[in-house]
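Engineer: Okay, here's what each chain looks like letter by letter:
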Amino acid sequence: MNGPISQVVSFIIERNPTVGTLTWDDDLIDGRAIDSLAFVDFIFLLEELGGAPIDPEGIDVDDFRTLRLINQRFLSGR
Amino acid sequence: MAVTTLEPIGLGLERLEAMAEAGYYNPYTTFSWPDTLPTDAPWMSEDLVTLAGTEEWDRMPRADQLALTRWEAIHFFSLNVHGIRDLLGEVVLRIHTPTYADTAEFMHHFLGEENEHMWFFSRFCLRYGGKIYPAQPSIGVQATDGLGEAAHELLVFARILLFEEIVDHFNSRMAGDDSLPPIARELNRVHHLDESRHVAFGRLMFTALLNQVRATRPADIPIVAGYLNSYLDYSIRSLYSPAVYRDAGLAQPLALRRHLLSHPARRAAHDRMLVRTRKFLARSGLQAAGTQPGQGAPT
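Chains A and B supply the protein sequences, listed in that same order. 1 is the number of the first residue of the first sequence in our numbering; add one for each residue after it. 1 is the number of the first residue of the second sequence in our numbering; add one for each residue after it.
In case anyone wonders, no lab produced these hints; they're calculated from the structure. There may be inaccurate statements among the hints.
Claimed, not checked - The calculated SDA-like cross-link candidates involving lysine to any residue, where the alpha carbons are at most 25 Å apart (straight line), are:
hint, chain 1, residue 1, chain 2, residue 2
1, B, K131, A, S76
2, B, K131, A, D26
3, B, K131, B, T36
4, B, K131, A, V40
5, B, K131, A, G58
6, B, K131, A, P53
7, B, K131, A, F44
8, B, K131, A, I54
9, B, K131, B, P38
10, B, K131, A, I59
11, B, K131, A, Q72
12, B, K131, A, E47
13, B, K131, A, L69
14, B, K131, A, P56
Said to hold, decoys possible - Covered stretches of chain B, going by a simulated chain A footprint (3 or more residues, C-beta under 8 Å):
hint, segment
15, 78–92
16, 134–140
17, 229–242
To be verified - Distance ranges between label pairs, derived from CB positions:
hint, chain 1, residue 1, chain 2, residue 2, range
18, B, D145, A, D62, 15 to 21 Å
19, A, E57, B, P264, 32 to 38 Å
20, A, G3, B, A255, 16 to 22 Å
21, A, D27, B, T216, 28 to 34 Å
22, A, D27, B, D40, 32 to 38 Å
23, A, G3, B, D64, 23 to 29 Å
24, A, D27, B, A255, 29 to 35 Å
25, A, I59, B, A41, 35 to 41 Å
Where is the CB? At the ideal position from N, CA and C, for every residue including glycine.
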C-alpha cells in the first residue's frame, strides 16, 4: 500500500505489533487492531492525513472497520 | 442478577463516611458565580497549560497566553464532566450488589458528590466558555477482553482512581493559585478536598480487587499492568486538544499537539503529574514501565 493509507497501517502496527500483515478488507475493529485507548490518536492522524476535521460526536464506528472504508471515507483523492 | 465469582468487598470505610458527612456542603448555594470572568488574568495556572515550558509558550503574546489559559480551563473542566459521567455509570451499576454491599454507604456519598462536581464543572464551562468540549470518541473495544471477572472489576475502579489522581494534580495546584479568578480557584479547592476521600476509597478498592485477582487468576496481572500503563498514556494525551489550540488561535493544531507530546519539557511535566500514581502502582506490584506519550506505548 502506498500514500496516506500506508501511514495509517504504520500507526496501527506501531501501536499493536501483534496485528501482523493487514489487507484492505481485514476487520480492524473485530480483529482488535485498534482499541479505544488508541482511537483518539487514530482520529487525529486521519484528520491530518485527510486534511479535514472529524466531528467526535458524529463518528460511526463502521466507517473505521477496514482500511478500504477508511481510505474511501477519510482519505479519498489523496 | 448475574452470578458472580467475586468475594464480597469489605473496606472498613466508616472514617471516610464520617468525613463525608461532616464536610457536606450545598454546592448549589456555596459558590458565587459572577456573570463574566476577567480576561486579563489566567483561568488556569500557567504552569499547567499544555504549552508550559516550551518555546512556543514563551513566544506567545501575553493576550494569546491568557486566551489559551481560558480554553484550557474549559477543556480541563470538560474532561472532568465526561470522566465523571463515565464513573457514575460504573458505580451506579455496582452499588447494593452483593459484592459491593459493604461499600454502599460510602458509594452513596461518592455518587452524590460526583454528581455535584459534574454540575459545577459543567456550569463553569457553559457560563464562561459557552460550551462543553465533546467527549473523546470511543469504539468500545478494549485490549483487555478475555480477562477474569476480578481483573475486569479491578480495571473499572483503577480507571476511576487514575483519572481522579491525575485530575487532583491540577486541582491541588489551582486551589492555591491567587492569580486565578476566585470561582476557578474555589471549584478546584472544593474538588480537591472531596477527591482526597475518593482517592483513599479508590486505593482501598484497588488493593482489595487486586488481591482477588492474585488469588484467582494471577496470570491476569501482567495484562492489567500493561493496560494501566497504556491508560496513563491515554489520559495524558487527552489533555492535549487540537480543538483548544484552534479556539486559542494557534496555527497547525494537530502538528502542535504531536510536537508537544514529545517535547522534553512536557515529558518532564507528565512525570510530575504521574509520580504519585506510579509509586502507588509500583508498591502494588504493578510496575508501570514509565513510557511517555510519543514513545509509542503499546495499546
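Engineer: State for each hint whether it applies.
Structural biologist: Quick rundown of the hints versus the structure:
| no. | hint | in the structure |
| --- | --- | --- |
| 1 | K131(B) to S76(A) | violated, 32 Å |
| 2 | K131(B) to D26(A) | violated, 38 Å |
| 3 | K131(B) to T36(B) | holds, 14 Å |
| 4 | K131(B) to V40(A) | holds, 20 Å |
| 5 | K131(B) to G58(A) | holds, 17 Å |
| 6 | K131(B) to P53(A) | holds, 18 Å |
| 7 | K131(B) to F44(A) | holds, 21 Å |
| 8 | K131(B) to I54(A) | holds, 18 Å |
| 9 | K131(B) to P38(B) | holds, 18 Å |
| 10 | K131(B) to I59(A) | holds, 19 Å |
| 11 | K131(B) to Q72(A) | violated, 32 Å |
| 12 | K131(B) to E47(A) | holds, 22 Å |
| 13 | K131(B) to L69(A) | violated, 32 Å |
| 14 | K131(B) to P56(A) | holds, 15 Å |
| 15 | 78–92 | violated (count 0) |
| 16 | 134–140 | holds (count 7) |
| 17 | 229–242 | holds (count 7) |
| 18 | D145(B) to D62(A): 15 to 21 Å | holds, 19 Å |
| 19 | E57(A) to P264(B): 32 to 38 Å | holds, 34 Å |
| 20 | G3(A) to A255(B): 16 to 22 Å | holds, 19 Å |
| 21 | D27(A) to T216(B): 28 to 34 Å | holds, 32 Å |
| 22 | D27(A) to D40(B): 32 to 38 Å | violated, 53 Å |
| 23 | G3(A) to D64(B): 23 to 29 Å | violated, 36 Å |
| 24 | D27(A) to A255(B): 29 to 35 Å | holds, 31 Å |
| 25 | I59(A) to A41(B): 35 to 41 Å | holds, 36 Å |
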